[in-house]
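Top to bottom, those sequences are chains A and B.
By the count of numbering that gives the first Met the number 0, the first sequence reaches residue 489 at its end, each step adding exactly one.
By the count of numbering that gives the first Met the number 0, the second sequence reaches residue 95 at its end, each step adding exactly one.
Quick caveat, the hints were computed from the structure, so don't treat them as lab data.
Do not take every clue at face value.
[To be verified] Okay, the calculated bits of chain B under chain A, using three or more residues with CB under 8 angstroms as the criterion:
no., stretch
1, 13 to 26
2, 30 to 40
3, 54 to 63
4, 67 to 78
5, 82 to 91
If you're wondering where the values come from, they're calculated on a predicted model, not measured in any experiment.
Using N, Cα and C, we set each Cβ at its ideal position, and we do this for glycine too.
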Amino acid sequence: MSLYKQSLAELRAGLDTREFSARELTEAFLARMGTHDGVLNSFISRTPEAALLAADQADVRIAAGENAPLLGIPYAHKDIFCTQGVRTTCGSKMLGEWVAPYDATVHQRLNAAGAVMLGKTNMDEFAMGSSNENSAFGAVRNPWDHTAVPGGSSGGSAAAVAARLVPWATGTDTGGSIRQPAAYCGVTGIKPTYGRVSRYGMIAYASSLDQGGVLAASAADCAIGLQVIAGHDPRDSTSAAQPVPDYSAYLNQPLAGVRIGVPRQWFTAGLDATVAARIEDALRVFEQQGAIRVDIDLPDAELALAAYYLIAPAEASSNLSRFDGVRFGYRCAEPRDLMDLYERSRSEGFGAEVKRRILIGTYALSAGYYDAFYGRAQRARRQVAENFAAAFAQCDVIAGPVAPTVAFDLGAHASDPATMYLEDIYTIPVNLAGLPGMSIPVGFSGLRPVGMQLIGAPFTEARLLATAHQYQQQTDWHLRVPAAYEEGSL
Amino acid sequence: MSLNSTQLKHVAHLSRIAVDEAQIPAMLQDLNAILAFAEQLQDPRLDHLAPMAHPLDQTQPLRPDVVTEVNDRGRLQAGAPAVEQGLFLVPQVIES
């Protein structure tokens with residue numbers, strides 16, 4: 000089978016038996032990137048020389064008998080992770096030329112594991128967006144349909160994996176930014192429990208919601224990637240001390256008796272009929288394997304949306320205040336005085352969506368409004384968390400849609416940010432409650448993939464990955480590659 | 000809970016973001032559409048709930064009071080727009 004279609008386990012076997020070298024593997028994926036990414040625009044920075052160097056180092060380690068899951072295996076990094084000596088832009092003009100002086104913890108772990116970074120992927124600026132149209136480096140196209148968005152904010156990572164320009168990629172998810180692009184691009188993605196993956200060196204958007212995770216073709220591959228990046232980090236004070244289980248070892252847990260909770264409130268008129276139908280098909284596959292479907296209540300989706308669109312901008316306004324044109328990043332030309340330096344650097348350096356969210360966030364935190372907005376939103380957050388806790392008393396995994404529709408057309412929501420925000424209605428509650436969530440491909444609506452969301456109680460990633468894996472043993476949606484990206488096509 | 004032009008200018012100033020007159024009507028429309036979501040927060044159930052800052056209600060961990068960081072100003076300052084002798088350069092701050 001062609002290298003670009005192989006699973007991480009198959010690539011590992013090929014490397015360990017010397018069927019191919021890490022250098023050959025890296026060259027193969029770099030060639031695919033060269034051929035296809037002009038159209039997709041999924042990469043902001045490509046690092047072929049460093050990749051080949053890392054591949055050669057991996058080949059030495061493999062020859063010495065080292066056997067580690069990601070050793071010599073190519074991947075792409077969402078451009079939100081600081082990578083020392085490599086440009087890290089966060090999709091923004093504000094950091095358009097900025098070279099990170101240090102490595103994110105996630106990057107350090109991947110380097111130690113011998114993984115081979117091919118480049119930094121495109122994303123919505125400062126992780127704010129659901130379509131990858133908010134990037135200062137241009138929009139990304141959906142590999143399944145070039146007139147569609149790939150989703151966001153991890154649009155570049157999702158597109159690169161869907162087109163198999165890399166076998167897997169890192170992403171981040173604050174309100175759905177791994178799960179939604181994974182769904183729109185027909186790949187598997189996991190956002191772990193808040194605190195599972197270190198945020199040190201992961202450029203901050205909303206600190207109480209941000210979480211790093213993985214996009215790959217399958218749950219089995221996500222398990223391998225997550226295993227390496229998860230774990231306690233003393234440099235991130237929100238990092239969880241919980242030990243990391245062996246995710247791959249749990250994948251074959253059978254589905255028999257597992258209670259799958261399906262939220263009644265999520266299957267209303269707002270959900271596209273074809274998306275709903277594909278999810279019902281998937282639920283039947285779960286039931287055929289012995290899972291028990293339980294209808295549950297999960298109300299307050301609108302409350303969650305309101306809470307998120309105050310909490311996230313508020314935290315963003317605070318986090319992005321560091322971009323002042325003084326110590327790093329973009330500085331406007333010929334500032335007249337300090338105020339002009341701040342105002343013009345920030346106005347010119349940030350895109351429209353980022354400015355919108357900073358303004359809302361500042362308003363929500365300002366004197367006289369803090370209690371009515373941010374304070375109240377934090378109470379709503381607790382209501383959302385309590386709703387999930389009540390739901391998990393009746394089921395083991397919650398299953399439902401990732402987004403109300405499949406990928407929309409490029410440019411469709413350009414004039415209406417509030418409508419764009421409604422795309423996140425099923426993903427946002429999960430971030431507010433800090434829960435782990437996945438997206439798995441479950442079919443198509445025309446050319447565009449449909450994803451199903453799986454949600455677990457805190458630190459139940461092993462159960463989520465196993466549930467997804469059992470589904471992927473019975474179906475092949477996750478193995479599909481768009482025709483334009485099959486080998487031999489131009 | 001909606002913004003008017005004066006409030007927008009005040010918030011823009013607090014955020015140190017320049018907003019020009021011509022952009023204001025469109026920005027107000029966008030921002031107020033988003034702030035309309037906040038109507039949901041009138042829900043009386045919220046009166047009886049404690050605010051939640053951390054999704055798993057974790058508290059701030061502490062570490063021993065020992066020096067762990069190394070002064071590496073040169074490397075960390077390498078990406079700065081304007082630097083001289085280890086100092087960040089900015090336009091005149093104090094009026095003479």
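Going back to the hint list, which numbers does this structure go against? none
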